[in-house]
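Number of protein chains: 8
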Amino acid sequence: MTEEQLRKILGQYKSGTLSEAEALERLRSLPFEDLGFANIDHHRSLRQGYPEVIFGAGKTVDQVAKIVEAMYRHDHNILVTRTTPEHFQRIKQIAREAEYHEIARAVTVAKDHTVRGKGTVMVISAGTSDMPVAEEALVTLKIMGNNVEYVYDVGVAGLHRLLDRRDQLNRARVLIVVAGMEGALPSVVGGLVSVPVIAVPTSVGYGASFNGVAALLGMLNSCASNVTVVNIDNGFGAAVVASLINRQ
Amino acid sequence: MTEEQLRKILGQYKSGTLSEAEALERLRSLPFEDLGFANIDHHRSLRQGYPEVIFGAGKTVDQVAKIVEAMYRHDHNILVTRTTPEHFQRIKQIAREAEYHEIARAVTVAKDHTVRGKGTVMVISAGTSDMPVAEEALVTLKIMGNNVEYVYDVGVAGLHRLLDRRDQLNRARVLIVVAGMEGALPSVVGGLVSVPVIAVPTSVGYGASFNGVAALLGMLNSCASNVTVVNIDNGFGAAVVASLINRQ
Amino acid sequence: MTEEQLRKILGQYKSGTLSEAEALERLRSLPFEDLGFANIDHHRSLRQGYPEVIFGAGKTVDQVAKIVEAMYRHDHNILVTRTTPEHFQRIKQIAREAEYHEIARAVTVAKDHTVRGKGTVMVISAGTSDMPVAEEALVTLKIMGNNVEYVYDVGVAGLHRLLDRRDQLNRARVLIVVAGMEGALPSVVGGLVSVPVIAVPTSVGYGASFNGVAALLGMLNSCASNVTVVNIDNGFGAAVVASLINRQ
Amino acid sequence: MTEEQLRKILGQYKSGTLSEAEALERLRSLPFEDLGFANIDHHRSLRQGYPEVIFGAGKTVDQVAKIVEAMYRHDHNILVTRTTPEHFQRIKQIAREAEYHEIARAVTVAKDHTVRGKGTVMVISAGTSDMPVAEEALVTLKIMGNNVEYVYDVGVAGLHRLLDRRDQLNRARVLIVVAGMEGALPSVVGGLVSVPVIAVPTSVGYGASFNGVAALLGMLNSCASNVTVVNIDNGFGAAVVASLINRQ
Amino acid sequence: MTEEQLRKILGQYKSGTLSEAEALERLRSLPFEDLGFANIDHHRSLRQGYPEVIFGAGKTVDQVAKIVEAMYRHDHNILVTRTTPEHFQRIKQIAREAEYHEIARAVTVAKDHTVRGKGTVMVISAGTSDMPVAEEALVTLKIMGNNVEYVYDVGVAGLHRLLDRRDQLNRARVLIVVAGMEGALPSVVGGLVSVPVIAVPTSVGYGASFNGVAALLGMLNSCASNVTVVNIDNGFGAAVVASLINRQ
Amino acid sequence: MTEEQLRKILGQYKSGTLSEAEALERLRSLPFEDLGFANIDHHRSLRQGYPEVIFGAGKTVDQVAKIVEAMYRHDHNILVTRTTPEHFQRIKQIAREAEYHEIARAVTVAKDHTVRGKGTVMVISAGTSDMPVAEEALVTLKIMGNNVEYVYDVGVAGLHRLLDRRDQLNRARVLIVVAGMEGALPSVVGGLVSVPVIAVPTSVGYGASFNGVAALLGMLNSCASNVTVVNIDNGFGAAVVASLINRQ
Amino acid sequence: MTEEQLRKILGQYKSGTLSEAEALERLRSLPFEDLGFANIDHHRSLRQGYPEVIFGAGKTVDQVAKIVEAMYRHDHNILVTRTTPEHFQRIKQIAREAEYHEIARAVTVAKDHTVRGKGTVMVISAGTSDMPVAEEALVTLKIMGNNVEYVYDVGVAGLHRLLDRRDQLNRARVLIVVAGMEGALPSVVGGLVSVPVIAVPTSVGYGASFNGVAALLGMLNSCASNVTVVNIDNGFGAAVVASLINRQ
Amino acid sequence: MTEEQLRKILGQYKSGTLSEAEALERLRSLPFEDLGFANIDHHRSLRQGYPEVIFGAGKTVDQVAKIVEAMYRHDHNILVTRTTPEHFQRIKQIAREAEYHEIARAVTVAKDHTVRGKGTVMVISAGTSDMPVAEEALVTLKIMGNNVEYVYDVGVAGLHRLLDRRDQLNRARVLIVVAGMEGALPSVVGGLVSVPVIAVPTSVGYGASFNGVAALLGMLNSCASNVTVVNIDNGFGAAVVASLINRQ
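Order-wise, the sequence lines are chains A, R, F, V, W, B, D and U. Heads up: the first sequence runs through residues -5 to 242, numbered per our numbering. Heads up: the second sequence runs through residues -5 to 242, numbered per our numbering. Heads up: the third sequence runs through residues -5 to 242, numbered per our numbering. Heads up: the fourth sequence runs through residues -5 to 242, numbered per our numbering. Heads up: the fifth sequence runs through residues -5 to 242, numbered per our numbering. Heads up: the sixth sequence runs through residues -5 to 242, numbered per our numbering. Heads up: the seventh sequence runs through residues -5 to 242, numbered per our numbering. Heads up: the eighth sequence runs through residues -5 to 242, numbered per our numbering.
Pulled out of the complex, with its shape left as it was, chain A reads as follows (with noise of 0.2 Å):
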């Protein structure tokens, strides 16, 4: 549904075309699909240049395939993210541009490869076991029509191989930068650059770090002004509001 479908009816109602009743029935029925379990939102892509996306955790192989199958009617990308091996079979059947992503546990379906950012957004990680967080953004990155660049396992123990790259880190638009345990890399990069530095706390870590909070804090009280923080584990949302910056 388009912005001139949208605006076509509101003239037919204005003129006296259509009766109150029959507006609210087409606005109603048009711009969302009602699955009974859920409401497809197309007016979201259409608002914010986004894929449609499904968050697959807690969501059955079942109701995953129906809200995939809505949307791919539709031309957008198609992002399923927390999901698993037995989704994407399924989706697979549908969709046959679908893509598994195993470490990300994200699937695409990939229709519009144009680039919308204007720069690269560079990933960050501070340990081996930060990757599927660092994955998820990864691959929500390249949906979005983002270059991209990453470097893995850098924590801040072992500062030299952070300084290394420090040129590579100067050339990217926005970094996100996930870590877990003490989440103090978002801190040590935002004082190396001079853009928006997009923090993502990881769950990993034992013992005091529960379960990412130790992360998290760590984060929103970044001695850098330049960082701003997601929730725990959320590579996802640091991914879009990266794209939506390299957008602009």
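In case anyone wonders, no lab produced these hints; they're calculated from the structure. Since the model is a prediction, treat every value here as computed from it, not as a measurement. Note that the Cβ used here is the ideal one computed from N, Cα and C, for glycine as well. Some clues are possibly wrong.
Short derived list, chain W residues pointing at chain D, Cβ under 7 Å [as the list claims (entries may be wrong)]:
id: 1; residue: Gly52
id: 2; residue: Thr54
id: 3; residue: Ile226
id: 4; residue: Asp227
Beta-carbon label-pair distances, calculated as ranges [what the hints assert, rightly or not]:
id: 5; chain 1: W; residue 1: Arg110; chain 2: B; residue 2: Ser9; range: 45 to 53 Å
id: 6; chain 1: F; residue 1: Asp69; chain 2: B; residue 2: Arg110; range: 50 to 58 Å
id: 7; chain 1: B; residue 1: Pro79; chain 2: V; residue 2: Asp158; range: 35 to 43 Å
id: 8; chain 1: W; residue 1: Ser188; chain 2: B; residue 2: Ile97; range: 25 to 33 Å
id: 9; chain 1: R; residue 1: Asp69; chain 2: F; residue 2: Arg160; range: 53 to 61 Å
id: 10; chain 1: W; residue 1: Ile97; chain 2: F; residue 2: Arg160; range: 38 to 46 Å
id: 11; chain 1: B; residue 1: Ile97; chain 2: R; residue 2: Ala51; range: 30 to 38 Å
id: 12; chain 1: F; residue 1: Arg160; chain 2: V; residue 2: Ile88; range: 32 to 40 Å
id: 13; chain 1: V; residue 1: Asp106; chain 2: F; residue 2: Val109; range: 30 to 38 Å
Chains R, F, V, W, B, D and U: place on chain A using the hints.
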């Protein structure tokens, strides 16, 4: 100290005009000014295009005065946050351009009025009591060279007020949304716009608001994926990131 | 056991027909049935017009069966919450009218279909994953004699969907709003209606949602003053209170 | 502004008497009054039959005075909560009917004394120190047109006092139960009555009461299923919901 | 090892019959038995009149068996808490008197059946799901030589059931009150009796019960001043203290 | 009001001398005195052999005076906890026997000096700063008729001081152990004695002591099984339970 | 890669034999080995005299194998913590010297058996269940070249066992004290010795131990001032610091 | 009291010159001085080579004076932490050598100026506001006989400042790193040195720093394995441990 100076020292070292010891000495002495209790880092302004910033809370009038004095010799703008009228009186004696922003509890010394942002940054707050934080953001945005707009006291329980401003929201290049209590406003705003939203939880509320924790958690769990979060009451940080985005 | 029976015993005691010991014995044995591990309190149904309710979680098939059996001799409706298909199989053998509500994880035995509510109770949920809690509320509302309506998957980041239903919202006599993550929906709904809103936080979310704590705090701090809150995932409790309000 | 006025503007727009711009202008200017730091929303009183309410905490005498002045031109009752004698002195100059309720820390301006509630609302508190919260509820109930009864200082460790009042409890249409410390009173009261109980945890206590958290958690986990909960010390909110129920 | 043996060794050291090294050696080897992974401290039974106790959780069948074997050579009663049928099978082979208490998840080996308590200890639980903890208390009370009574499933929302038993409560010399959820029962019981009440919070509940934290806080903040508290689910500890009181 | 009076009223009702209404009236008016803001419950002293107790915190001089006045007409001992010199001055005018206990912040009015405890209660504190809590316990123990001993400032990092007193510890019938910071003292004391230990965490400490939470958790997790716990800083509660144990 | 190699590259760059690009290339490729998912930092061993360490938790058998393989080419000792028998089987194929330490869940590959510590490090644990953490410390201490002693299962409720070993404690140069539950042991040990005590809280316990939080807080608030603390269950970290102290 | 005195008493007891009772009496009276509210433990200084230390917080001028007086008779150094100018004035009258350290809020009385540390201890702080804690560490280090160096205000967002000092860092034998907010500095420093790092979280920060909790968690989860942690703001404790390490 300019980048040219830095390059010159490095060149002289390479060519042998400066010994290693001399080069180190110059580099060490130049970029910082060590006031004993504080290291002013003129590099940061160089590197990041920031004004020089002093976090005033917990610093004596004397300490702040000495830091301002050292900064004032350079041509950067100066911003003192979390400060008091007493601090201001003293700063005024050093820098005649100094202005006091009462609600924001901030002092600015503006030498450079260049507009650096490409568009408008909008600041939205949920309630009257959130004003000190919203104003800290506004003051910071201005001293960093942004055009700003704002709308205050538009909580989610009175949506019509916000929906009324929809066009205005959609013209902004970045939005800062300030809210205490349940912190729901960024999610609602995030759903209405297609640009980054920086959410600032405030310590406004009582009982189970836990001095801003409820708002902070609400924002971290936002169902709008274009939202990132900064520390409770951190209007300054939100404005820095918004400025960086607005320059891109 | 009816109130008449109670009055009779008391009368006989006053008049001396029953000794104190006998009176106590009768009173003690009648209103409860002591199954050893559980005291069935038929009084409560008497006093409060409730169905008899069993909280199924952590009870064996055997325990639930014995309690249902004891209840089934009376003419009250029966509701078993947090239960499983295994429990249902066994209950079915005792009470042929038993029905299993899969998503709600509930069993009902409906003997009395009287509509006791004066108006409609509406159940609204923010996301697909909140359905088990929303359905528990729905099932409870029905067994307690209410007319119900519902709308699912209308999060605050997509307000238009909710605003579309405004008339429907305004027809309800009470609303139950179910949401996880940031739990902002009750505030928004509360601002749109003039009747009580009962907010149910759910454990849906990840990271800093802390299994429903973020939603719970959001709801307790709601800026809409017609909102009260029940425990995380407590669809049952919300429905009981909504029923009581709807009967008045 | 009445609903008639709203309907009129909409009708004129439909018929063409008003252009879109004019219609928007009127709608925008009328329902709110923008005092710069606050938006008074006369709509809310229209929509919800509330008095106009000001949350006084953290507002200056001047700010409160300006808001009261703007409200006083309309015929609604006014309630200022969390206020001080200083606020009252100033309000008194604007509105002669103003009364100060010392223990409740509230000011009321009552123009409309209609009884709107169908029955009695009862307020029960566990201890003497809970009185400010209980009184805030009482004052709010009265200004919203309810008949009220109350009983104070009836903690669960002295049950006989409460059991003595059983008949009185059973006559109420809604009950507000205010308690700090372990917050057990709503569960006990909930078991004695068949109507909704609104539980208000208070910050009364010390040590592991954590300023009302213990009471809040106790109430959220109540084994009585007719209990809902509001924020710590939120006597006002409890009274609003109780009023809405009592009007039905 | 008896106190006499200890005195003898000390006497021999004083008189010079034993060298310091020899004395140390004897003292070190006797009172403990070091199984490598565990030190059995027969002293404790001597000193405190306890049975020998093994906390079974997290110990292998083998480890428990070795400890029981070492203990069994002495004439003390043995209690294994938090154990499993597998542990029991193996213990049975070592000690024929061993009994398994399924609900309590405990094994006892009773050699000494002396009644040591002067009166009755009563165990009261709020709900059916609290039974494992209540039974752990009961089993411990019996192996420590107490006469016990119990009443289960008497939550505060159904007070009449508890009030019915008032005489029985008043006959007890100590009471153990076990409750999850809001943990209000000890306050109510505490108000009805004049003897010490030991409150045991359980991890029963969901959502904001936080695995027993709500109950724990409720009990610590009890308005009844004859209540003390033990750790969540610690039926054993409550029974030990109750036994000590009952012996006095 | 004595038990005899109660029995008389009940007898007259049974025999018909008193109508139900008259009986209720007498019962209602006698056992309580309703001062408006407080219900004095003389029953409690009757039932439990307690002194009459006023929790002074947050009560005005006037309120406390009125309650003391009402209590003073009876022959019970009176204890006012958490009080101030101002309260004392006023109480002194009502009750000449009143004494102020400065460190304990308590006032006592002792009319009855009977020793009711069978043995000695010992109070032990870990540090000098724990004294207010330890003294509150001591004052309460004395007014409840116990012989007491105490030893202060014997932290676990200087064990020899405690071990020196071992004989003294072993003579006590109950021990109250007061400690802030890590709260380890009750575990150590618990291992040295064979009687009940009541642990009182204090809010003494800084940083991660979280106003007594560290001590509270330490005590709840004590590896000594003869330890029970009361609320942070609750010296009064510990003393009440110790008194009850000491009377048995 | 040795320091000599580093110096050589720098010298060649200074003299012009290597261009900047070449120098960077060599430096970048040498000190790290980038396995894609992990950067092995041979520098760290160089710089700090550590064995090469792999944190095994959450790494696949394959990932661990590849890292060990890369490390094994150098002459450092290797330590794999938080690992499994499956990991060990595979490591064994790469490094025949590999040993599995079952309780410690660690694999070591020891090539260098030099004793580097000047004295003895002692490991003390409070309970049998703390063994995995204590053993992780022991294994780490040994692979880092320390002489070690240990004593297990000496909780503070049985002090005599610990006091018995006083001489042994006083011979240690550093002590590691491992405890769960109330975590009081380090305070007691700290009071008995004059050397640094490294406290390791463990997640052993239940209920209000909150998986080691109670022990952690207890240790942070230790009244013994020679105590420092590491993360919950971090036997490895404690051993590293103890080794560094023991080498001085 | 010296060790010689202790040995003499023990020898006399062995030989029979002293009876047991006499020996006990002497031992008991000597090592402590019981001031009623405090036990001065001269043993500790003997045993551990510490100065005598008084934690001043919450002690009156009078109490501190009496303790200093008792200590001053011996030849140990004295340190009073968390103290005020008022305390100092009074101490000065007792001990003329007393010095007040304003920023550290400490008083020292230095009689013994022996350097006991083998190397240098370095104190590093992240921000100006951390100075009180850093200075408390410095004062303690000096009174315990260490050579010290320090560098302040070197946060991780300005790494170059720290890297500049790398040589200096590498010369230290132990480092104390003091930081508030995100507490990341110890991890970075830990990665740069090969000796123990003692991390001190401070309560500096606002919002989600939770008075030092964010910094504390960050440090406990440090990815540098040579880091141990002390309580929030505990500069004193860090210095004690650093001194002990530096003496080895």
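Quick one: which hint numbers does this structure break? Sort them smallest to largest.
Those not satisfied are hints 2, 10.
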